[in-house]
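**Q** Could you put the whole structure together from the sequences, leaning on the hints where they help?
Each chain, letter by letter, is given below.
Number of protein chains: 2
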Amino acid sequence: MNKIKPRTLSGFTELLPVQQVYFNDMAQKIREAFSLYGFTPLDTPLMDAAEIILAKGGGETEQQTYTLKKGDTDLAIRFDLTTPLAKYVALNYSRLTFPFRRFEIGKAYRGERPQRGRFREFYQADIDIIGDGGLDILNDAEIPSALYRCFKSLGLERFEIRINNRKTLSGLYEILGISDKSTAVMRLVDKLDKIGVEKLAASLKDDLELSEMQVSKLIEFVTYKGDPFDILGKYQGQNGTFDMGADELLAVKQHLTGFGVPETNFKIDLSIARGLDYYTGTVYETCLLDHPEVGSICSGGRYDNLAGYYTDKNLPGVGISIGLSRLFYILQEQNMLNEAILSSPADVLVIPMTDDRSAAVALATTMREAGLRTQIYSEDKKFKVKVSYADKLKIPYVVFLGEDEIAQEKITVKDMDSGEQVTASPAVLIANIAEKVKSLRTEKPIKG
Amino acid sequence: MNKIKPRTLSGFTELLPVQQVYFNDMAQKIREAFSLYGFTPLDTPLMDAAEIILAKGGGETEQQTYTLKKGDTDLAIRFDLTTPLAKYVALNYSRLTFPFRRFEIGKAYRGERPQRGRFREFYQADIDIIGDGGLDILNDAEIPSALYRCFKSLGLERFEIRINNRKTLSGLYEILGISDKSTAVMRLVDKLDKIGVEKLAASLKDDLELSEMQVSKLIEFVTYKGDPFDILGKYQGQNGTFDMGADELLAVKQHLTGFGVPETNFKIDLSIARGLDYYTGTVYETCLLDHPEVGSICSGGRYDNLAGYYTDKNLPGVGISIGLSRLFYILQEQNMLNEAILSSPADVLVIPMTDDRSAAVALATTMREAGLRTQIYSEDKKFKVKVSYADKLKIPYVVFLGEDEIAQEKITVKDMDSGEQVTASPAVLIANIAEKVKSLRTEKPIKG
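Residue numbers (the working numbering), protein chains in the order written: chain H, 1 to 448; chain X, 1 to 448.
Hint data in this document are derived by calculation from the structure and do not stem from the laboratory.
Honestly, I wouldn't trust all of these hints.
If chains are identical, the list can't say which one is meant, so a pair holds when it fits in one copy or spans any two.
What the hints assert, rightly or not - No more than 25 angstroms apart at the CA atoms, straight line, and that leaves these computed lysine-lysine pairs for DSS-like:
#	residue 1	residue 2
1	K56	K3
2	K152	K438
3	K69	K56
4	K69	K3
5	K29	K436
6	K313	K382
7	K69	K5
8	K70	K56
9	K313	K386
10	K29	K444
**A** Below, the structure written as structure tokens:
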């Protein structure tokens, strides 16, 4: 038979078992953190009618979307988790209770050219809070607070959630008389990190023909190094939108502190604009302080209307999305995964040393009932191969069960890390292993 | 703007929040049970090159497979979790340690006509153990033992794992001189449950032209009501394949008992044939004893070679697949979900009764740190609306935080179930709630 060459599509994720353990551990901790904030889990379909997925239409996203036909139906595969959420909320409006808080950790697909840290199949972890007719500003603080707890539970320490409010930017443009160029200005300001102050100033002046006064006020605002509320104060009272944005920023800041988020992990950053059309208030970006070059690993913000394509109901929301596959790629690349976590598929390997394996079967059953992840090595191989199986998989404990042990109702346990070997009653050793495994399980997937 | 009608594709799964809680709880318990048996989690891509997904080719499956083109590449979406596993093992052969035990809980897609309990997008939960060159029979007992523990952890009691061995069937056909018709005979025998003994006998005689002696021996064998090892013993010593099958069945039975699986939950059933080409030894089916009409909810068996399309290496395996979406559908339909589980998105709703919400923010933070899933109701609504929010979402505890409470450093907790209301110090009440919530969390998703 002609053989097919086994391969995985470029840009698609397929992790080796140990990597998968880290990834799943992260996903589980994210689920737990989001659950603590009262977000309910959703799991929306990966496919929808093309009309739904492409409701927004046009541009790069549409080109990158995977589409297909089945019978007469035009289908498309989701490129994010917001599009399915919008449909879900519109479709189930009467059955949901608002404000509606959901999280979803799921795959999305974009047929873009795969490159370093960019994937065609990738996980996102999203939280959103959707209001019905209105949504209090406290929610804008809950989102980064949930994110903070989430990252901390992963073991991440050196990150910073940067927060701004689009209303202050829009208001400032009105005050400076450059509202007609606001989209172009925001796009440039968003690049500040990449191009630096001088290039930004030059572009604002030359390309957008702003006056020197306008440029200098804008630059002063977005690069202000002192307390941002000082410079916000300077403009307050001149423009309603600006004032509302400044008030919202202050409220978010105060609540975030109330939620116990330390100032080392968040910052009001007046330069962040984030997306051009969608966000209307608070915006978020998150960077790894030791790796600014990777950009934002988690972004989001406040939007006026989630489901305008489907309904006239006013459904404002606020949310954030972790690029989980991208984050995982960065953590691996930057050697930030914690080797100390228990990445083996089992806590214990039972090696029967007699032909009759019934004692091993009984012991494994007892161990599993005690919550220990247990394998029995049952293949007919040399002793060395059996022990090396545990070694390769980094299974921390091996139990030998020979005639002597069975006769004496004892077991022999080898600690694969220290090499130490003890023979004693099963009850004592099982309790012993369970305790040690429990402490291994407290390790976080990311090195701090 | 013209509105789009929000809709979900027919046959695609989109659960309401409460349903999703049950489904996720089940998935989590399945993960935990499989982990106890040392299965490592995998998460393979949903798409692959069409050549890979359709390696087996032909038949109904190929017609039902979703295919698409991106650029010059022919892609297909997986229709099960075995096809991606075969590719994974072939691709990563040198990086895996054998026997390789993996579980995967993931979505698969089949564009078949949606009907009651059949889905186009559905979850499967698979476990497989893959050997390199060989695989001990003990693994054939580990699989149903893991499944037993899995179902028990879900709360399912009235199920039966039915086990047979294809070798006894093949051997019997050789003994009876009907090997040339074995495929057709197996197909008919597989229908025994549906068509009954008389129709089976008639078909065997009339359609397959078996002699009366052949029919009566076959019928006697597959419908034998006594200890199956009695009738197996009657034929033993006449055919090597038969004898091997009978020995394997006995070993599986003995080990299953050793693993603590009671006879109420498994049965050696000589009539099961299961799939026509793929399985070569042990085969499994699982039925709900009170709902035989829904057929097998979990099936699998032993196969000789997982990855023959890719490699000449001999990779025998044994595995089982739970049709999770289908099982969930049946559980809902049969009213078998346990209403007593905590299906709310939060354990506590904090309702601030003052304009300043900082006390509520601080309290919610303390509660979250104590592991309580907490929401703050922050919208400016009438008191009744706030309480009804908790009521609709079945949040078990509501905390009122008014001026008096804040001044006295107390909180008022309302138990939404009993209606009882207590005012006391936060520390005492938080511990109290945490204890009660912990006991609510021990409920299993399925009613016994």
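**Q** Evaluate each hint against the coordinates.
**A** Hints, verified against the model:
1. K56 x K3: between (44 angstroms within a copy, 12 angstroms between copies)
2. K152 x K438: both (20 angstroms within a copy, 24 angstroms between copies)
3. K69 x K56: Both: 20 angstroms inside a chain and 22 angstroms across chains, each within 25 angstroms.
4. K69 x K3: between (30 angstroms within a copy, 23 angstroms between copies)
5. K29 x K436: So K29 and K436 pass the 25 angstroms test inside a copy (21 angstroms) and across (23 angstroms) alike.
6. K313 x K382: This pair counts as between: shortest inter-copy Cα distance 21 angstroms, intra-copy 70 angstroms.
7. K69 x K5: between (27 angstroms within a copy, 20 angstroms between copies)
8. K70 x K56: both (22 angstroms within a copy, 21 angstroms between copies)
9. K313 x K386: Classified as between; 21 angstroms across copies, 64 angstroms inside a copy.
10. K29 x K444: The answer is both: 9 angstroms in one copy and 22 angstroms across copies each meet 25 angstroms.
Checked against the numbered hints given earlier, this structure breaks none of them.
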